[in-house]
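Please model the entire structure based on the sequences and the hints provided.
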Amino acid sequence: METDRRPWSSDVGSGAPLLEMTGIVKLFPGVKALDGVDLDVVPGEVHCLLGQNGAGKSTLIKVLSGAHQPDEGTIHWNGELVRLTTPMAAMRLGVATIYQELDLVNDLTVAENISLGHEPSRFGFERRREERASASALLERLGHREIKPGMVVGTLAAAGQQIVSMARALSRDVKLMIMDEPSAVLDQGEVARLFQVIRDLTAHGVAVIYISHRLEEIRGIGDRVTVLKDGRTVATGLPAKTTPTTEVIRLMTGRSIEYAFPPRRQSPFEVEPVLDVHGISRSREFEDVSFSVRPGEIVGIAGLVGSGRSEILETVFGARRFESGSVSIDGQQIRAGSVPAAVSAGVGLCPEERKSQALLLDQTVTSNITLASLGRFAVGPFLQRRGESTAAKEQIATLDLRPANPERDARTLSGGNQQKVVLARWLLKGCRVLLLDEPTRGVDVGARSELYGLIRELADSGVALVLVSSEIPEVLGLSDRVLVLRDGRVVHDGPAEEIEESDVLGLVMEGSPR
Amino acid sequence: MSDPTTTPATLDPVPTSPDDAAEDVSRLRRLFSGSVGRNLGLVLALLVLIVVGVITGGERFASTANVLTILRLASVIGVVSVGMTFVIIGGGIDLSVGANVALASVWATTVATQTLANDVHWIVMVLTAVMVATGVGAVNGLMVAYGKIAPFIATLAMLAAARGLAEIIADRKTQIINVQSFLDVFSGDVFGVPVLVIIFALVATVGWVLLNRTTFGRRTFAVGGNAEAARLAGIRVNRHTLWLYTLLGTSCGIAAVMIMARTTTGSSTHGMLYELDAIAAVVIGGTLLTGGRGTIVGTVLGVIIFTMLSNIFTLNNLSISAQAIAKGLIIVVAVLLQQRIADRSRAVT
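Protein chains in written order, with my numbering: chain P, 826 to 1339; chain W, 28 to 376.
Simulated from the structure, these hints should not be mistaken for laboratory data.
C-beta: ideal position from N, C-alpha, C; glycine also.
Please note that a few of the clues may not be correct.
[Stated by the list, open to error] Far from chain P, some chain W residues (derived; all Cβ distances over 12 Å): (1) 97; (2) 99; (3) 148.
[To be verified] Pair by pair, the computed Cβ-Cβ distance ranges are: (4) W:299 - P:1215: 48 to 56 Å; (5) W:148 - P:1162: 31 to 39 Å; (6) W:366 - P:1041: 51 to 59 Å; (7) W:366 - P:1180: 15 to 23 Å; (8) W:351 - P:1205: 54 to 62 Å; (9) P:1205 - W:71: 31 to 39 Å; (10) W:188 - P:924: 40 to 48 Å.
[To be verified] Rough simulated footprint, nothing fancy, chain W against chain P, three-plus residues with beta-carbon under 8 Å: (11) 951-962; (12) 969-981; (13) 1205-1211.
Quick look at the structure:
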């Protein structure tokens, strides 16, 4: 990767700022997402934004792109006080955001995507030649002549789609480009080319806000770094190339967590593992992953988005088919790629996307809880609804689901209570291995502690649990043992008490502890 | 998996219990927020139609004979619609039902004529029709569930193919049924009620029980409401989808038998546009085209409203074209009403 300093970066940080955000506060019901963020960006620099999950990066981007309105604080643009009331207003100033999930229309051509929303037209008719000419000029400027304006976007690789996204941003005279983890979907060669493009942009005076969890990228492309923690700016204007890693990680860690974790079980585990995962692989997702979980144990998996953590859980559950290796429950190998086989062996999964992968939103709480255990309430083909409702009520009481109404539609519940419904489904099934993927996503602070308590109680009752979370403190606080994943490989496996948050962060960000 | 054609031997799965009054109240409320409440708009529409019928048709409309005519006409499409309700709640659609009915009727009458004798037992024709149609449904199910072809496309292809096959078998001729025993059984009455109407009632009852009181029904709602969640709860979604289309095929077979009895013919032109009528009845009945929600009661009401509308128009010597316009209007109005009611009931809970 190219690391030589560019001629124009010598005065970076000293020019008049393009953007100045001061004291930005953003409240959400029950959460202070931003609590005093300061950020200034000068033309032509690559400003890196660092912070752990939940530190406030995404909220900050949304404020800057006009999607959220700050509750307090000011934004100056070229020295003038501005209010970004809509995404359109931000766009007009010259702010363009390239999100992780690219917002392109897959079935349209490259040129059509680039001009989407401001198509050149005369009397309502598209001017296709003009559209194509301007698209190819932009692509050429980005150094990607091989992407033709007539290509259908869906046929391009992820890297190509990202270039189209950038071309689209450039088609509207952009002055500040925000890139949210652009490298998550790219391989190394593609990252290098992306950096070329970024350098070219900054050479033309465009400022870039670059978000990534990978320190080597920040060192490769960044000029200055701002670190967020707990919705606050804890450091700003750090030189990206020379600030020591230990210093960066120190700034990011030690978030004040308002929720308490239940005490771990003290007695050692002497029983045999119930779940034994041995050397499973899936190409381009994860490789040679092995771990085992004993009854009563919580094993946490830490890793970045794209590290393969969710894919591993889904593979153990049979929702994806492993290509090599084996998964055993109580020493019995289970069939690859069969959810019913995993379920009948006693495995349950609370998936990452609660609403789209777990819940029947328009069905009652009862129907949702009994979904995996319907056979138990059937006499012949007929459902015994009384038994079903009794069982659901028991689960509602055990998990303290609120409101405790079994006839409510799942849609009307809060995030925490929806998660309890999914937990109840597997408790009722009598799972012996429970896989939890981001169990506290979208759950407010109060309900979190409660869920943590529940998860620990489950473990104490003899269930073996695997926990995946983007929040490192959660993985460390709740688990007995921790696996750290990087690029689909297990790079660490050990007791949770013996590893620090900063070590985990070092492992996922740089591949080595601190 | 349950055998979906089992007749409900143990009906009344909600035994009355000596629970307290509060339970009764909540049950009453559930009843209202349940099928009756949700179908309130349909019941009102039906009442309005009856009033219009009585005013414009008088005795001719309100006679027992006319009521039986309406029910007899509603029966054939009603049986198809009950099957269609399952497929649509399960997140699918089937455009091939009309063609399937035609194919089954032609196949069954051909079997009867080619044996060159009058001693074909009526049960042979019935079994042929039901088996052929069930087979067609199963092929639809295989294409959708395992071939991953969009239901609209798969069944559109089947619509064309089944109708074509029916034409080949029938050689474009209408086959007259001369098996008297068949006509005796299916064209008759039992205590004044036409056998066709009894069949419709039976199919609707079995359908209701299957949808509301069995694991199969619950899984149908789950598969249609959120297929991914159903899959991750350990439900065999593909197999279930196959069952749904197969079951609809069976309903088409039963409908074929009924249309053969009503017209005493087997013809490749039977069941024309049944797919539209059935889908319209199901949608009017409050079943979501996106799946996951719907009722058999609503479908039955939808079918009856449709048929009664035609009847009133015919009694008043209005053209078929006027009927079509009215049907179109009714579909839009009914769906608008259903949406309002659904939104309100969701807001209340």
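These are the hints, each one checked on the structure:
| no. | hint | result |
| --- | --- | --- |
| 1 | 97 | holds, 33 Å |
| 2 | 99 | holds, 31 Å |
| 3 | 148 | holds, 30 Å |
| 4 | W:299 - P:1215: 48 to 56 Å | holds, 50 Å |
| 5 | W:148 - P:1162: 31 to 39 Å | violated, 48 Å |
| 6 | W:366 - P:1041: 51 to 59 Å | holds, 54 Å |
| 7 | W:366 - P:1180: 15 to 23 Å | holds, 22 Å |
| 8 | W:351 - P:1205: 54 to 62 Å | violated, 45 Å |
| 9 | P:1205 - W:71: 31 to 39 Å | holds, 38 Å |
| 10 | W:188 - P:924: 40 to 48 Å | holds, 45 Å |
| 11 | 951-962 | violated (count 0) |
| 12 | 969-981 | violated (count 0) |
| 13 | 1205-1211 | holds (count 7) |
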